[in-house]
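Residue numbers (the working numbering), protein chains in the order written: chain F, 1 to 561; chain L, 1 to 163.
What the hints contain is simulated information worked out from the structure, not anything from laboratory work. Here a beta-carbon is modelled for each residue, glycine too, at the ideal position from N, C-alpha and C. A few of these clues could be false.
[What the hints assert, rightly or not] These stretches of chain L come out as covered by chain F in the derived footprint (C-beta under 8 Å, 3 or more residues):
id	segment
1	22-34
2	60-68
[To be verified] Listing some non-contacts, in silico: residues in chain F with all C-beta distances to chain L over 12 Å:
id	residue
3	Asp335
4	Trp353
5	Lys501
6	Glu557
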Amino acid sequence: MELTGAQILIKLLKEEGVKTIFGYPGGVVIDIYDELMKSDIRHILVRHEQGAVHAADGYARASGGVGVCLVTSGPGATNTVTGIASAYMDSIPLVVFTGQVPVHLIGNDAFQEVDIVGITRPCTKHNFLVKRTEDLAKTVKEAFHIARSGRPGPVLVDIPKNVSVTKIKYKAPGPVKMRSYNPTCNPNKRQLQKVLELIKAAERPVIFAGGGVILSKAPEELTKLAKRTQIPVTTTLMGLGAFPGTDPLWLGMIGMHGTYRANMSTAHCDLFLSVGVRFDDRVTGKTDTFASQAKIVHIDIDPTSIRKNIPVTVPVVGDCKCTLEELNRMLEGVDLGDLDKKRKPWLDQIQAWKDTKPLAYEQKDIIKPQYVVEKLYELTEGKAIITTEVGQNQMWAAQYYHFDKPNHFITSGGLGVMGFGLPAAIGAQLACPDHIVVDVAGDGSIQMNIQEMATAVQCNLPVKVVILNNGYLGMVRQWQQLFYDKRYACTCMEHAPDFVKLAEAYGASGFRATKPEEVESVLKKGLSTPGPVIMDFVVEKEECVYPMVPAGAPITEMLLV
Amino acid sequence: MLDADKHVLSILVENQPGVLSRISGLFSGRGFNIESLCVAVTTDPTVSRVTLVTKADQMIIEQIKKQLNKLINVIKVHELTGSPFVEREMVLIKVHAKPEHRAEILRTVDIFRCKVVDVGAEHYTIEVTGTEEKLDAILSLLKPIGIKEIARTGVIALFREPK
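Looking at chain F on its own, in the form it has when it is part of the complex (with noise of 0.2 Å):
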């Protein structure tokens, strides 16, 4: 069978279950686009190739499968840049295909020609510039089974026009078979059984859980191991959603802006069982007072999160799921005591911290962004996929919003990108066309991708879009406000479009709220009108995040309102 290289392409994409594509056309993409057109694969045309990215972030995310998009050489390529740098922090499934200028004309400087291999590989799980059209096949399949095995990451395809064009003899590549990639599932059991020594010994446990557990699809174990031993746990920002938020063991997130109770309890407890996690700075605060009491668990499957930034009494290599499933069958017989007379004092005093500092605000005369994330919970019963923005908004909605679900929290977690949460959303959306999606954005982050209104537009993808309006770019004016003694440089949005406008210029529709009593009914309205929404909520202009720990600071060190 004679085939081009696009028609290679569009059929291994097939083979790879792919339904959807987030992408923009442009000159060396034709081909591609033109085979792609003829298929049943969805594209989804963006308005930015950013936003291409983060769509298919928040599409893997949402649907827990690999994200995919297609876009052109040249700028088409490096503004896929900030969208693959986030979803490799955050261990997020990608392949991202790219155009790329005709093999004899690399190294040119050729019109729209950028090295995007060069470029993007800091910042990919791996990458690949296909030389022949014979290479294709055999690329493709390596690039998902790369992406979504092991920590899962995002994968760079660039393609040259003329492996596109050219027409070969199509041979089906085999299984992948790669001698240099082999990542480690199975746990060892020997480091297993030091895990269950220590939790047979600890009298304040506490688990840690992180994006892993999220990606491996183990929160149905992390659930069970904490009820089955009766410890109490907290989540990354990354892994909310990894236990029910709702849980009567719930802590609530760590690190900067976590709770009272979960910091105060990674300070006291005896054992810390992490997993899926990789102690970042925003965890940890400063590493040497970090849990210094306990004993320290950490499960993870990729070695090198592993004492990177914190030392480890017993470290576990091993997919999430597969340590998990392991640890609560060797617990199956295993006589833990009478656990409630047990845990009592270590889950009383967790009660005290949690009765004296509550996560508290006080809604007055001018609406408080934290009233707004509240409503939403309930009037959403807490059933909805909030993506956000990043900043106080971002903040609130992970505090406020009590996760129930894997995969609802949606969010740029470790690169920290404004104007992730439209797209996302929008991802979101296609993955779970029956869900609630809502983007909790700031005025200042949402103005970073709003073109992205017009995707939804076009695509009659309802996702509903709630604006935190304080008029400034929040958290960098709060850190201005503690530590910089009020200098507000160049924080203050002196100029924003009018949100309701501009929702009804993209063919959407606008709602706004000035007053507490009408946040429930703005609320109401935008989550019932059909379409895409967007709801501009005025808040108060200089509300802070609570509590919040200082960079580098212990993470005991918590300001509190």
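Dock chain L against the given chain F, drawing on the hints supplied.
For chain L alone, kept in the frame of chain F given last:
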């Protein structure tokens, strides 16, 4: 780095374009250091061996090895330091050879069992092979006579087989 020791790593990689930049990019991007680096193909044309010397404390060298292993094109990472291994490095030294210094230079060449590979009216080029320490030693002896330029290969090394 206070307790940074020298570590010799022997890394087998896929012999493909871009692999070296993945390795060097990893070191620069994460703030690790490269003392020397040698790359050439092995007897298997699809595999190259990278011999890399770095200075790092225990926690960092562990990270370096793990991060190298994580690169998709890296097949195997061995740390030679800590086990018996042979190491060699070569240097070409172009030294000023005025008539009054010629005899002394040749004597030094003789003592170090190295050889002169190029001779001119005003210079000798000397080839020296050995450990890093040996190379440093001859360089310091020739320095007062006047070294024009040098080219060093960096260390290559292999494990010793059990006897």
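Hints versus structure:
1. As drawn, the segment 22-34 of chain L meets chain F at 4 residues by the rule of a beta-carbon pair under 8 Å; at three or more, the given contact holds.
2. With 4 residues having a beta carbon nearer than 8 Å to a beta carbon of chain F, the segment 60-68 of chain L meets the requirement of three or more and the stated coverage holds.
3. The claim that Asp335 (chain F) lies off the interface holds: its Cβ sits roughly 37 Å from the closest Cβ of chain L, which is beyond the 12 Å cut-off.
4. Distance to chain L confirms Trp353 (chain F) as a non-interface residue, since its nearest Cβ pair spans about 33 Å, more than 12 Å.
5. At roughly 45 Å, the least C-beta separation between Lys501 (chain F) and chain L is larger than 12 Å, which holds for a residue marked as non-interface.
6. Non-interface call for Glu557 (chain F) relative to chain L: holds, since the shortest CB-CB distance, roughly 25 Å, exceeds 12 Å.
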